Every structure is written in structure tokens, then in C-alpha cells.
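**Student:** Each chain, letter by letter, is given below.
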Amino acid sequence: MSYDTLTFIWFVLLGVLLCGYAILDGFDLGVGILHPFLAKDDRERRLVMNSIGPLWDGNEVWLVTFGGALFAAFPVAYATVFSSFYTAFFLLLTCLIGRAVSLEFRSKVHSNAWRRIWDTGFFLSSTCAALLLGIAGGNVMQGMQLGAKYEYQGSLLEQLSWYPLLVGLLTVALFALHGCIYLYLKTEHELQRRAKASITPLFYAFALLYAIVTLATWWHVPHATENIANYPLLWIVPILNALAVLNIPRAMHLGKPGYAFFSSTMVILALASLFSVAIYPNFMLSTIDPEFSITLQNARSSQNTLQTMLIIAGLGMPCVLSYTVIIYWIFRGKVRLEPNSY
Amino acid sequence: MMDVEILSRLQFAGTIMFHYLFPPLSIGLGLQLFLCELSYYRTRNPVWEAAARFWTRIFAVNFAMGVATGIVMEFEFGTNWAAYSRFVGDVFGSALAAEGIFAFFLESGFLAVLVFGWDRVGPTMHLFSTLMVFLGSMFSAVWIVVANSWQQTPAGYHIVWHDVQGESMPRAEITDFWAMVFNPSSVDRLTHTLIGALVLGAFFVASVCSFYLLKNRHEDIARKCLSIALPTSLLFTFLAAITGHDSAQKLVETQPAKLAALEAHFETRNEPTGLYLFGWPDAEQETVHMGIQVPNLLSLMVYNDPTKPVPGMDQIPKDERPPVWLPFQTFHLMVGLGTMMIGVAALACWFWFRQTLDSKRWLLWVLVFMPIAAMTANQAGWITAEVGRQPWIVYPSVQNGVEMIGLRTADGLSESVTAEQVLSSIILFGIIYSMLFAVWVFVLNHKIQHGPESVEALLAHKAGLRPQSMSEQFEQTGKSHGGDFLEEDSQ
Numbered sequence: 001m002s003y004d005t006l007t008f009i010w011f012v013l014l015g016v017l018l019c020g021y022a023i024l025d026g027f028d029l030g031v032g033i034l035h036p037f038l039a040k041d042d043r044e045r046r047l048v049m050n051s052i053g054p055l056w057d058g059n060e061v062w063l064v065t066f067g068g069a070l071f072a073a074f075p076v077a078y079a080t081v082f083s084s085f086y087t088a089f090f091l092l093l094t095c096l097i098g099r100a101v102s103l104e105f106r107s108k109v110h111s112n113a114w115r116r117i118w119d120t121g122f123f124l125s126s127t128c129a130a131l132l133l134g135i136a137g138g139n140v141m142q143g144m145q146l147g148a149k150y151e152y153q154g155s156l157l158e159q160l161s162w163y164p165l166l167v168g169l170l171t172v173a174l175f176a177l178h179g180c181i182y183l184y185l186k187t188e189h190e191l192q193r194r195a196k197a198s199i200t201p202l203f204y205a206f207a208l209l210y211a212i213v214t215l216a217t218w219w220h221v222p223h224a225t226e227n228i229a230n231y232p233l234l235w236i237v238p239i240l241n242a243l244a245v246l247n248i249p250r251a252m253h254l255g256k257p258g259y260a261f262f263s264s265t266m267v268i269l270a271l272a273s274l275f276s277v278a279i280y281p282n283f284m285l286s287t288i289d290p291e292f293s294i295t296l297q298n299a300r301s302s303q304n305t306l307q308t309m310l311i312i313a314g315l316g317m318p319c320v321l322s323y324t325v326i327i328y329w330i331f332r333g334k335v336r337l338e339p340n341s342y
Numbered sequence: 001m002m003d004v005e006i007l008s009r010l011q012f013a014g015t016i017m018f019h020y021l022f023p024p025l026s027i028g029l030g031l032q033l034f035l036c037e038l039s040y041y042r043t044r045n046p047v048w049e050a051a052a053r054f055w056t057r058i059f060a061v062n063f064a065m066g067v068a069t070g071i072v073m074e075f076e077f078g079t080n081w082a083a084y085s086r087f088v089g090d091v092f093g094s095a096l097a098a099e100g101i102f103a104f105f106l107e108s109g110f111l112a113v114l115v116f117g118w119d120r121v122g123p124t125m126h127l128f129s130t131l132m133v134f135l136g137s138m139f140s141a142v143w144i145v146v147a148n149s150w151q152q153t154p155a156g157y158h159i160v161w162h163d164v165q166g167e168s169m170p171r172a173e174i175t176d177f178w179a180m181v182f183n184p185s186s187v188d189r190l191t192h193t194l195i196g197a198l199v200l201g202a203f204f205v206a207s208v209c210s211f212y213l214l215k216n217r218h219e220d221i222a223r224k225c226l227s228i229a230l231p232t233s234l235l236f237t238f239l240a241a242i243t244g245h246d247s248a249q250k251l252v253e254t255q256p257a258k259l260a261a262l263e264a265h266f267e268t269r270n271e272p273t274g275l276y277l278f279g280w281p282d283a284e285q286e287t288v289h290m291g292i293q294v295p296n297l298l299s300l301m302v303y304n305d306p307t308k309p310v311p312g313m314d315q316i317p318k319d320e321r322p323p324v325w326l327p328f329q330t331f332h333l334m335v336g337l338g339t340m341m342i343g344v345a346a347l348a349c350w351f352w353f354r355q356t357l358d359s360k361r362w363l364l365w366v367l368v369f370m371p372i373a374a375m376t377a378n379q380a381g382w383i384t385a386e387v388g389r390q391p392w393i394v395y396p397s398v399q400n401g402v403e404m405i406g407l408r409t410a411d412g413l414s415e416s417v418t419a420e421q422v423l424s425s426i427i428l429f430g431i432i433y434s435m436l437f438a439v440w441v442f443v444l445n446h447k448i449q450h451g452p453e454s455v456e457a458l459l460a461h462k463a464g465l466r467p468q469s470m471s472e473q474f475e476q477t478g479k480s481h482g483g484d485f486l487e488e489d490s491q
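Sequences listed follow chains A and B, in order.
Our numbering applies: residue 1 is where the first sequence begins, and numbers increase by one.
Our numbering applies: residue 1 is where the second sequence begins, and numbers increase by one.
It should be emphasised that the hints constitute simulated quantities derived from the structure, not laboratory data.
Values in this document were obtained by computation on a predicted structure and should not be read as measured data.
Don't take every hint at face value.
Here are the computed distance ranges between Cβ atoms for each label pair [stated by the list, open to error]:
(1) A:SER111 - B:LEU277: 33 to 39 Å
(2) B:ASP246 - A:TYR280: 14 to 20 Å
(3) A:HIS220 - B:ASP319: 48 to 54 Å
(4) B:LYS215 - A:ASP42: 29 to 35 Å
(5) A:LEU165 - B:LEU38: 50 to 56 Å
Here are the simulated EDC-like pairs of lysine to aspartate or glutamate, each with C-alpha atoms no more than 20 Å apart in a straight line [claimed, not checked]:
(6) A:LYS149 - B:GLU415
(7) A:LYS196 - A:GLU44
(8) A:LYS149 - B:ASP411
All residues carry an ideal CB built from backbone N, CA and C; glycine is no exception.
So that you can see chain A by itself, here it is in the shape it has in the complex:
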């Protein structure tokens, strides 16, 4: 297999890992964002948390593996992306830690104050994590101030400009919507009724932000549409994206929440694909000089490593997918509180 083919395969595989992460952790982050709004008493709060109880940890592993795979396949991109987003990523880490321990510790002690602290922690960390992931995505999309030798020269404040913030808000809305449909599937009675009532306003919020970000990208990030302009076949990505978005209210109207969840999954998949199409063949576009950009070519590992890694992925991914399916199957059905629950 040629070096360039291998490189492209790894770009696609990283996209798969990122999509896997966004789809799976997307709904459990969304559940965290909705937690204070949908659950009214302690039992309901536990139900909401336990709807993702057995799953969130495995979902987060997609991010960890994405990080590891980026490190291995494109070490230069890994080093530059992570060092550029220094403060943002430390805040993201804080959120991920906060979420893990909020879930784990909340119900371990019978005290209202104790539980309220962890409930707040769960909500804040989920929301901020979604926001920060979106902000990082927005920055990568619009390009960053990369100097020669792959070093970031901008400041933290520049990363918080209006465009990345908009993408961050879009991410929060998308994950909340995705999580809301998930909760509708996993709950019953009053809680389910509340989840259902929230889907429509969340959908409008998301659709509005989606339209704004699309227009903003068109106007503010001209290079994002270059690939689509050059390869008209790629129009299929935004078209499928729009169809998936519109299918969410349709499926809810038809009374098929499972279909709606599938649609929101497809929206995430399509948005992530759109993101990949927009940045290709760069990982990070330099706004100082396009020559300084981190590309697939200058960021990749040696051919030998990419090949070895492909074997590792070929052995590992079928296992990963099969036990992911088994575990989702074991924990199918409506969420119930048991002695082992959070």
C-alpha cells in the first residue's frame, strides 16, 4: 500500500474515531446538560444519571483512543493541536474529571448538600466540555496563528473570538438535542413527558444556530467550501446533513423516537464529515502563512508505523465494536434504579 493511501486511510480512521466519540459521548454530555432542567426530584435525577450510568465511561474512551491514534499517526498535528489549545484543553480535562467524579460520587452519600454539589458539577462540566470541544473545532475550522516550525503564536483570547464561540454554542445545542431524544427513549411517565416537550424547543434552538453557523462559515471561512466547490460529488454531505436535521421533527411527529435518535446521530456524523471535508488536506491551517500549515503530509508518521497501526486497528476495532454492541444490548430498555445504580 502506498504511503499516501495509508495516510489518507488514517485520516479517515481518525474521522471515524472522532465521529464515534461525538455520537456516543454526545448523548451522555447532552444528558448532563439537561440534567437540572428535566429532573425534578432526587429519584428523577438518579434516573437521568443512570440512563448513561453503564455507558458514559466506554463512550469517553473514544476520545482517549482518538488522542492516542492522532499521536501515533500524525504526531506533529497532535503536538501542535494540544500545545496550541493549552488552556482550553486543561479546562476540558477539568470538565472530564468533574463529570466522572460527579457521576461516581453523587449517590454515595445520603446528604442533600452533598448531592446538590455533584449535581451542579455534573451539569457545569457537561456543558463546558461540549462548549470547549465546539470552540476547539471552530478554531481548527477557521485556521490558527501558526508560525514556522509548527508553533502556535496566538493567544488564548484569539481562540475565543465570535466564530469559535458560535460553533461551541452549536455543539452544546446539538448534544442537548441528541441527549434529549436519548432520554426520551430511556425514561417513562412524567420524566419522559418532560423530555418529549423539550425536544421541539431544543430542535429550534439547534436549527437556528445551525443556519447561523452555516452562513458564518460561508462568509468567514472561505477555504472551508473549496473542497466542495472542487469536487461537486461532495455536495452529498451537506445535503444529507440538511435532510438528517429535518428528519428529527418528522420522526418525532411520526411517533418514532428511535428513528429520531438515528437522525440526530446522522446529523452528528454529517457535521463531523463536513468538518473533515472542510479542513482536508490540512489539520490546521496557518493564518500567518499557508506554508506553515499542518498538513497530512508534514504531520504523518513513517510508513512503517502507519502500516503497523493499521494492523493494530484491524485486530482491535472488530473486538471493540462487538463488545460495544454486547454492552449496549445488555443495558437496553428503560432505565431503572437498582442497588448497584449511581
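Go by the hints and put chain B onto chain A.
**Tutor:** This is chain B only, laid out in the frame that chain A set:
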């Protein structure tokens, strides 16, 4: 203002030491949990099940902490050590990615069944899940220790110079994947690290059970678990000594500077080398204050020959010498604690075998505090290994007769990161980790004080779950057949 290098090293050391409190306990506890559950599986004795359910809860709390603090480590390579990441990504990254694919998915997936599946899956599936979680945590350690060992004793790679905007930059690239994985120190360091974790797990269980015996609580469960924890603690402390000795012997070839630092051996002499039992090394004056030395012992330990001299620090260029005081003390602390643990485990096993352990309250109290000794030994071992390799982040080596450049820690930093950023992240994580540590201790103590469920409560809980057979239904309700059952269900 302190400089970025010191701060980044402080940050890395702090976050990894904090992280390293949890994975060894998860691995060690994983084995104990698996053995408990295996005993339940074979005997169907509900006491074993109550024990396994209890250790599962403890395990889950600890595992969550390990996962949460572990992600930090993966991010930190890129955030703080970007130059290092570019230099080793080709090699180190693949081990890290293999860890993600082979270990993380396995452990976190089956953890769900282990923790939440007690009443959902059958005993065989549950036992299998426990084994998978344990194996997953072991695989995780395998890849991390492989990656770390490669930095200490690199193999299976070459240096390629890449042109970056007109400047040539070096990068390590894999030539032989298996030579990279099985580099000269991988196997020794891996077995020693894993066994260190298994020691901790065995002593942790022994500690909680001894505490219950001292307080006359949950005695049936405590005795059952001790029958696993005590023999395994003796076995693993003993194996730890053997594997530790093997690791140390390798140093003379692979990292002589580290060996000289561990033993504060400053000057090479043409005579057998002694070994310090204690001392206060002074690198400035190249001497050891208040040292007690056993003659010939170091030569014997390193070469299995009491007369062969061991090379000292003076064989190493001045700017390539590691600090001496810290690795010396942590190494001696680790060895001292290890010896003590063998003694305690042997004594406890002896009295257990004689069935007089209950009356030895002092020994039970010693056992209660042994996890602290095991944890300290693990941490000390880590400091020894990592500080002892300074100033190198990747050791220079010779591959097929060609000398390969190494990477100095000072050259591995992210250029775009400022001291203020690192300092603020240290403060942020200092606060978060202190709080986490307090919460972890609090919740762990809460769980231990609460203890396992009684066997009666467990049986009552399980009876409530089991769908009753039709004859039982009939006996209880007087209703004749299953039709009622279906009707009730549909309401």
C-alpha cells in the same frame, strides 16, 4: 519566575504520581475481585458473592479516579511536551494507541457489566466480565510500561531528519515494532510494575479484612477474603523482590548512570564495590554522609560476583549525570519497604496457617496500614525510575553499531507554552486533585465503614428478583395457573 522546564516537570511528576495512586490499586484489586468471584462461581457460597459485590463497589470508585486522572496524562504529552511528542510520536504514539484499542475499550466496556450487571447477567457472563476488566487493566499497564521502557532503553528504531521550513529536525521512527515492544528493559520493568500492583491489591484487601476482624464486623466475609489476600500477598512480595533484582542487574549495561545514582556510587575503583544500606548522599562533594556500607555487596548483586568492580558516576560525562539524592533515597525506601512487606506477609501467613492470627491484634493492626507501605513503595519505584534517567527524556542508545541521539528533557518542551500557563494549570490541578483526594478517601472510608451487605440481605434481594415459578405462585397466592401472572403483567 520559575522556568517552563522546571514547572512542566513538576506538573508532570505531580499529575502522574497522583494518577499512579489508582491504576495499581485497580489492577491489584481486580485480581482479588476476580479470585473472590471465581470462588463464588465454584462454590455458590453467598458469602463469596457478598464479598465480590462489596469489592466491586470499592473497585468502581477507584477505577473512576484512575480513568479521570489518566486522560490528563495523555493530553499532557501534547500540551506540555510538544517537541518530545514530535520526536517520539512515531514510536511512543503507537504504544499509546494500542493501549486505547486493546485495553481501554475492553476494561471500560466490561466495567459496565461488572458494576451494573450483577442482577442483569448470569454468573458466567459476570465472571467473564470481571476477568476482562482485570485483563484490560493489565493490558493497559503493558502498553504504558512498554512505551516508558522504550524511552529508558530505546530499541528497534532509527533517527530520520526531516526538513521543516529549511531547518533539519530529528525524529525517531520505528524500524522493528517487536524490537521496540520487547526493548531491553520492557519485560523486567513490566513484571516488576504489575507485581507491585498485585502486592498493593492483596494488602488492600488484607487491610480492610483485618480491620473488620479487629472490630468484630463482617467476620465471615473477612475470613474468606483473607484466605485469598494473605497467600497472594506473600507470593507477590516475594516475586517483587526477584523481578526488582532482575531490573537492577540490567541497569549496569543499559543505564549505568542510573545505577550509580541509586547507589550513590561516585568513584570507580579497582576493587569490589560495597552497597549502602542508608546514607545521605552529597553530589557536590561526591560523598555519602552518615552512610552504612556493606562491602562487596553491590558487586555481588549486580554481577553475581563479589569481586568485580561496578562503574561509578565518574564514568558519566558531567552534564549527563542524574540527580543522586532523590533516586538514592526513593530506591532505598522501596527496597526497605519491600523487605518489610515480605516479612509481614510471611508472618501473617504463618499465623493464619496456625489459625492464631485473630489473637495477634498487633499484627492485624500492622496489616491495616500495609497498603500505605505498598503504595509508597510503588510511588518510590516510579520516582527512582524516572528521576534516575534524567537529564534524558529519551536515552541515547546504540542500534546495530550506530550511535543514536537521545532527547534531553529540556529539549522536549512545547515552545508555544509560557511559564504562566503551566503555573496556572499546576495551581488549578493542585486544587482539583487535593479535593479529589479528600473525596476519594472520604468515599472509600464511607464504603469500608458501611461494609458488605449481610448474606441474609443479599439473599432477600436476590429472591425479590427471581421470577417465581408457577408452583411457588400457587402456594403463595392460591391462584391456580399462569394466566393470572400474564394478566398481572399486562396491567
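**Student:** Hints first: check each against the structure and report whether it holds.
**Tutor:** Evaluation of the provided hints:
1. A:SER111 - B:LEU277: 33 to 39 Å: Given about 50 Å between the Cβ atoms, the range is violated.
2. B:ASP246 - A:TYR280: 14 to 20 Å: violated (49 Å)
3. A:HIS220 - B:ASP319: 48 to 54 Å: holds (50 Å)
4. B:LYS215 - A:ASP42: 29 to 35 Å: holds (32 Å)
5. A:LEU165 - B:LEU38: 50 to 56 Å: Because 54 Å falls inside the window, the suggested range holds.
6. A:LYS149 - B:GLU415: holds (10 Å)
7. A:LYS196 - A:GLU44: Given pair A:LYS196, A:GLU44 holds - Cα atoms ~15 Å apart, limit 20 Å.
8. A:LYS149 - B:ASP411: Measuring from Cα to Cα gives roughly 14 Å; hence the hint holds.
Of the numbered hints listed earlier, those contradicted by the structure are 1, 2.
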